[in-house]
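Once you've looked at the hints, dock chains B, C and D against the given chain A.
Residue numbers (the UniProt record's numbering), protein chains in the order written: chain A, 1 to 297; chain B, 1 to 297; chain C, 1 to 297; chain D, 1 to 297.
Hints were generated in silico from the structure; no laboratory data involved.
Do not rely on the hints blindly, as some may be mistaken.
Chain copies aren't distinguished; within one or between two, either way the pair holds.
Said to hold, decoys possible - Here are the simulated DSSO-like cross-link-like pairs (lysine-lysine), alpha carbons at most 27 Å apart as the crow flies: (1) K296 with K183; (2) K184 with K241; (3) K13 with K101; (4) K13 with K241; (5) K183 with K60; (6) K241 with K183; (7) K241 with K296; (8) K241 with K101.
Being a predicted model, the structure only gives us computed values, none of them experimental.
Protein chains: 4
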Amino acid sequence: MEVLHMFGSEEQKKMWLEPLLRGEMRSCFCMTEPDVASSDATNMACSLHREEDQFIINGKKWWSSGELRPSLCLYLYESPNVTPHARHSMILVPMDTAGVKLIRPLTVFGQDDAIHGGHFEVHFENVRVPASNILLGEGRGFEIAQGRLGPGRLHHCMRAVGLAEMALELLCRRAASREAFGKKLYQHEVVAHWIAECRLTIEQTRLLILGAAHVLDTLGSRTARKQIALIKVAAARMACKVVDCAIQVFGGAGVSGDFPLAHMYSYARTLRIADGPDEVHLSTIARLELRDQLAKL
Amino acid sequence: MEVLHMFGSEEQKKMWLEPLLRGEMRSCFCMTEPDVASSDATNMACSLHREEDQFIINGKKWWSSGELRPSLCLYLYESPNVTPHARHSMILVPMDTAGVKLIRPLTVFGQDDAIHGGHFEVHFENVRVPASNILLGEGRGFEIAQGRLGPGRLHHCMRAVGLAEMALELLCRRAASREAFGKKLYQHEVVAHWIAECRLTIEQTRLLILGAAHVLDTLGSRTARKQIALIKVAAARMACKVVDCAIQVFGGAGVSGDFPLAHMYSYARTLRIADGPDEVHLSTIARLELRDQLAKL
Amino acid sequence: MEVLHMFGSEEQKKMWLEPLLRGEMRSCFCMTEPDVASSDATNMACSLHREEDQFIINGKKWWSSGELRPSLCLYLYESPNVTPHARHSMILVPMDTAGVKLIRPLTVFGQDDAIHGGHFEVHFENVRVPASNILLGEGRGFEIAQGRLGPGRLHHCMRAVGLAEMALELLCRRAASREAFGKKLYQHEVVAHWIAECRLTIEQTRLLILGAAHVLDTLGSRTARKQIALIKVAAARMACKVVDCAIQVFGGAGVSGDFPLAHMYSYARTLRIADGPDEVHLSTIARLELRDQLAKL
Amino acid sequence: MEVLHMFGSEEQKKMWLEPLLRGEMRSCFCMTEPDVASSDATNMACSLHREEDQFIINGKKWWSSGELRPSLCLYLYESPNVTPHARHSMILVPMDTAGVKLIRPLTVFGQDDAIHGGHFEVHFENVRVPASNILLGEGRGFEIAQGRLGPGRLHHCMRAVGLAEMALELLCRRAASREAFGKKLYQHEVVAHWIAECRLTIEQTRLLILGAAHVLDTLGSRTARKQIALIKVAAARMACKVVDCAIQVFGGAGVSGDFPLAHMYSYARTLRIADGPDEVHLSTIARLELRDQLAKL
Numbered sequence: 001m002e003v004l005h006m007f008g009s010e011e012q013k014k015m016w017l018e019p020l021l022r023g024e025m026r027s028c029f030c031m032t033e034p035d036v037a038s039s040d041a042t043n044m045a046c047s048l049h050r051e052e053d054q055f056i057i058n059g060k061k062w063w064s065s066g067e068l069r070p071s072l073c074l075y076l077y078e079s080p081n082v083t084p085h086a087r088h089s090m091i092l093v094p095m096d097t098a099g100v101k102l103i104r105p106l107t108v109f110g111q112d113d114a115i116h117g118g119h120f121e122v123h124f125e126n127v128r129v130p131a132s133n134i135l136l137g138e139g140r141g142f143e144i145a146q147g148r149l150g151p152g153r154l155h156h157c158m159r160a161v162g163l164a165e166m167a168l169e170l171l172c173r174r175a176a177s178r179e180a181f182g183k184k185l186y187q188h189e190v191v192a193h194w195i196a197e198c199r200l201t202i203e204q205t206r207l208l209i210l211g212a213a214h215v216l217d218t219l220g221s222r223t224a225r226k227q228i229a230l231i232k233v234a235a236a237r238m239a240c241k242v243v244d245c246a247i248q249v250f251g252g253a254g255v256s257g258d259f260p261l262a263h264m265y266s267y268a269r270t271l272r273i274a275d276g277p278d279e280v281h282l283s284t285i286a287r288l289e290l291r292d293q294l295a296k297l
Numbered sequence: 001m002e003v004l005h006m007f008g009s010e011e012q013k014k015m016w017l018e019p020l021l022r023g024e025m026r027s028c029f030c031m032t033e034p035d036v037a038s039s040d041a042t043n044m045a046c047s048l049h050r051e052e053d054q055f056i057i058n059g060k061k062w063w064s065s066g067e068l069r070p071s072l073c074l075y076l077y078e079s080p081n082v083t084p085h086a087r088h089s090m091i092l093v094p095m096d097t098a099g100v101k102l103i104r105p106l107t108v109f110g111q112d113d114a115i116h117g118g119h120f121e122v123h124f125e126n127v128r129v130p131a132s133n134i135l136l137g138e139g140r141g142f143e144i145a146q147g148r149l150g151p152g153r154l155h156h157c158m159r160a161v162g163l164a165e166m167a168l169e170l171l172c173r174r175a176a177s178r179e180a181f182g183k184k185l186y187q188h189e190v191v192a193h194w195i196a197e198c199r200l201t202i203e204q205t206r207l208l209i210l211g212a213a214h215v216l217d218t219l220g221s222r223t224a225r226k227q228i229a230l231i232k233v234a235a236a237r238m239a240c241k242v243v244d245c246a247i248q249v250f251g252g253a254g255v256s257g258d259f260p261l262a263h264m265y266s267y268a269r270t271l272r273i274a275d276g277p278d279e280v281h282l283s284t285i286a287r288l289e290l291r292d293q294l295a296k297l
Numbered sequence: 001m002e003v004l005h006m007f008g009s010e011e012q013k014k015m016w017l018e019p020l021l022r023g024e025m026r027s028c029f030c031m032t033e034p035d036v037a038s039s040d041a042t043n044m045a046c047s048l049h050r051e052e053d054q055f056i057i058n059g060k061k062w063w064s065s066g067e068l069r070p071s072l073c074l075y076l077y078e079s080p081n082v083t084p085h086a087r088h089s090m091i092l093v094p095m096d097t098a099g100v101k102l103i104r105p106l107t108v109f110g111q112d113d114a115i116h117g118g119h120f121e122v123h124f125e126n127v128r129v130p131a132s133n134i135l136l137g138e139g140r141g142f143e144i145a146q147g148r149l150g151p152g153r154l155h156h157c158m159r160a161v162g163l164a165e166m167a168l169e170l171l172c173r174r175a176a177s178r179e180a181f182g183k184k185l186y187q188h189e190v191v192a193h194w195i196a197e198c199r200l201t202i203e204q205t206r207l208l209i210l211g212a213a214h215v216l217d218t219l220g221s222r223t224a225r226k227q228i229a230l231i232k233v234a235a236a237r238m239a240c241k242v243v244d245c246a247i248q249v250f251g252g253a254g255v256s257g258d259f260p261l262a263h264m265y266s267y268a269r270t271l272r273i274a275d276g277p278d279e280v281h282l283s284t285i286a287r288l289e290l291r292d293q294l295a296k297l
Numbered sequence: 001m002e003v004l005h006m007f008g009s010e011e012q013k014k015m016w017l018e019p020l021l022r023g024e025m026r027s028c029f030c031m032t033e034p035d036v037a038s039s040d041a042t043n044m045a046c047s048l049h050r051e052e053d054q055f056i057i058n059g060k061k062w063w064s065s066g067e068l069r070p071s072l073c074l075y076l077y078e079s080p081n082v083t084p085h086a087r088h089s090m091i092l093v094p095m096d097t098a099g100v101k102l103i104r105p106l107t108v109f110g111q112d113d114a115i116h117g118g119h120f121e122v123h124f125e126n127v128r129v130p131a132s133n134i135l136l137g138e139g140r141g142f143e144i145a146q147g148r149l150g151p152g153r154l155h156h157c158m159r160a161v162g163l164a165e166m167a168l169e170l171l172c173r174r175a176a177s178r179e180a181f182g183k184k185l186y187q188h189e190v191v192a193h194w195i196a197e198c199r200l201t202i203e204q205t206r207l208l209i210l211g212a213a214h215v216l217d218t219l220g221s222r223t224a225r226k227q228i229a230l231i232k233v234a235a236a237r238m239a240c241k242v243v244d245c246a247i248q249v250f251g252g253a254g255v256s257g258d259f260p261l262a263h264m265y266s267y268a269r270t271l272r273i274a275d276g277p278d279e280v281h282l283s284t285i286a287r288l289e290l291r292d293q294l295a296k297l
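Okay, chain A solo, but in the shape it has when bound:
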């Protein structure tokens, strides 16, 4: 499994990977920063300085998602004075290290996700960790991230399809159980066409994801970049649309806490931002498409 390779040394495997796989330890990933537009990874302001055999970490991170109380974080930082591709590094930080401050849980559309893990703001003030905690080696953070982001996005997209299927099922059942103006809701042509549009967008996205997964499996992360960017945009948009239709069919109940739709919308809407906003992915697709089209000339 590709993920295991991040833990380069035998010591790291023993100390961190094995407890993680045994479920004795939880981890979170600290990448996004509150003070800069993190859609551009070169914006990162968190710093890390070496002092003999230790690294000293300073900075603020947020949207660090994971278990309520992670024992370990993967901390991504940037060294500005290095060539672009070697700027980012990842280092392991036990959460009980002095100077690591779990500031607060963040809400998403007012909903406190803290109960099942949540998203946190975490500050690092002169946090010291052994130099051996670095993953693979200094400057290899970008490489690790690139290798993991494709599969990670694929999972996000698959979850979005499952979520949309559930929303459409709820929509259909509600439309079949309630009446307005003398007929079932689904007998209203406009509602019927929403059902059709939802099925259309789900099917198109499901097939696109299956296609991307096939390219990822057979040709690898690098070749699958266009497909991964395509599904990231398509899946988030699709989930937002389907859940929005379902909410409209449910009326007031749709935005309430009595049904999962309002919560599903929070997840779907956030997906248009998380792991790179739609716009960054659209720019990636355009660049790769132009490269392919102009290569034909």
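Below, chains B, C and D without anything else, positioned relative to chain A:
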């Protein structure tokens, strides 16, 4: 003021209207019901039976918005055995009457609005009120509602314009203060075009609302029906679009509780449902437009 | 090949099918009628009466596409006094039969397609053909049409993908060869995102079509109905969108006759109407989706 | 009238303006060039050199709209070696001057508009005109264009509203005269909602145009720039949408030459390109909006 006419008798004015105007009493309006599609007012299932000089009320209402603890509710119910236009009545119910149960506050996209008033589910179990609490008289509920809904919707729409202006202002400031990929966010052409699209939809909606207000003022509620339906659809849609753009520019901060955008989205999205879903208004517009077009023949 | 079965008798095969396959004869299909909404096949007004061993045909058809001068038409008509599924029949009519009048070529967005076949209005005035010209037998027109429409729509959709690929290629080349405001058109972020959106919609539609073809091949026309309806809607919409983006990038040249885009738009836009308008297919999808969803209960 | 000021000298007024006003002469405007992206006016490649008291003109122009055989053209050109705001000039060229070649009429979506004026490609090969034909003076072309474009765009937008009103009227009549699946087309909820959406977009655009006209009348071209850009985008988009809905309701008849809809679409779609494509106007709106928003800080 048209609203005063609802309180038909001198006694009602003294007992209810005056304390309300003095701010000593708070009211809420109980119309939507959890168990039926309330977009169709003829679906209402709440019942009211006369027994000598009292009315006995039974039923469930929700999305009854108002102060945390209203002292009075305006209760709308239906008498099925009467001619359609005389079916609905409105009656005043002091909230401390035996059998009135404030069940729970409702959340909107997970946000508990209870602090500043909130939306409640209220049950009525054999609630008895004096017959003299009826407003204007039995069967005049539809008439009262029609007279008040136009101006009420106008206010909703005006608030939506104000909310959208605030969201656009936040969007512009954020776009001018953050950088990604070597330039300010607003220098990204796609973000710049969002700003243009937001201004376009706000201006179009503002003018449509001003036009509707003019028709309402000069020609009355009945003539303004098409205009009111038009603004209801346009304003809710406009507010959703502008807030959504702002959220995207803010990224993670946009869906968090650190800025008002996530809360604004809840309001904007709910507006597409509250006071009649978009689809009911679109059907009204179509009916009136066809009447006008075919009258030309 | 399924199509051959339409010609039920040996005589029909010898007289019509063989010359058609040898390219000595051309055919057109007369279904759509100018005087009724033909999206609903039960609206058809063309009549056919039997008189001994002949059929007498009367009626008007249009959008009968084919070679400039077809030698043969497949004429679909309805017998109102029969059970619904047995109402439609198809009959072969040699175009030189007395009473067959090729009225005029029709234009599509002003373009006269007559040179390469075109679409015609054809009138039938007391046209007499031998009873043996009926295909498969009276009342089997619906059955023939159903068997052929799936594969026919699949071909339309495949052509739409090819057309869209060509439009996107033209778009990319133009965007790479022209400059405005100091940079290549494709360096304008908005144009770049159009390229990404075009690739996205093409990929999603291509995969949906491949999926539908697989279901058609392996499970047959009847099972593939939902998939066929989905691709018909998706492909027409996709082609319109891609060609529209390309036109916008080309500016005035895009709507002119100097590039194929204006003509491609005519084809793409017509596809939203031809072979059943989008709305009829969306209603079909909704019906089948609801059937599937409610079957789970 | 502002337009008269273009003809600066008494001689120009006598020779050109008066015959134009008497209808004895027709004019066309030569601005767009086939070989460059003309949405950016600084791209213009046509040249003009002074030789004593004459100007020598060379270059290609197209989309020069006007009467079938204009007697006069207003020729816009650029002098690259001058400060940006003084680069453009306009000069009067009688169409019968040696070297002026009316190359061909251009088609719009395959439709030859030549009968009622049309759009032409015109080439200028060593065309010599007296220096006194210059309008207002060298380098004042931009100034003339700016003064005239606002009112010109307003007229385009007003025509778009008229066109859309006609399309909606045709749509409603067709929807009231045809049946499918057992009811009138307008009784299909989806068609009814199109009618409502068309009315909504027409009303919003009409009011926006009236507002822009008011600003133009009372505060002048310069202040009205944002409003003019807003209506240019809104009107073209609105007209495309309404005509597209009407075409869909008409089915095959909608794209044919039997009704004016296909021709109306050509006009509406071209409006998204002519006189500056949507994207240039959206960028203008964004720039002005940001200026206004940031001025509040």
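(request) Give me the numbers of the hints this structure contradicts, sorted from smallest to largest. (result) Numbers 4, 8, in rising order.
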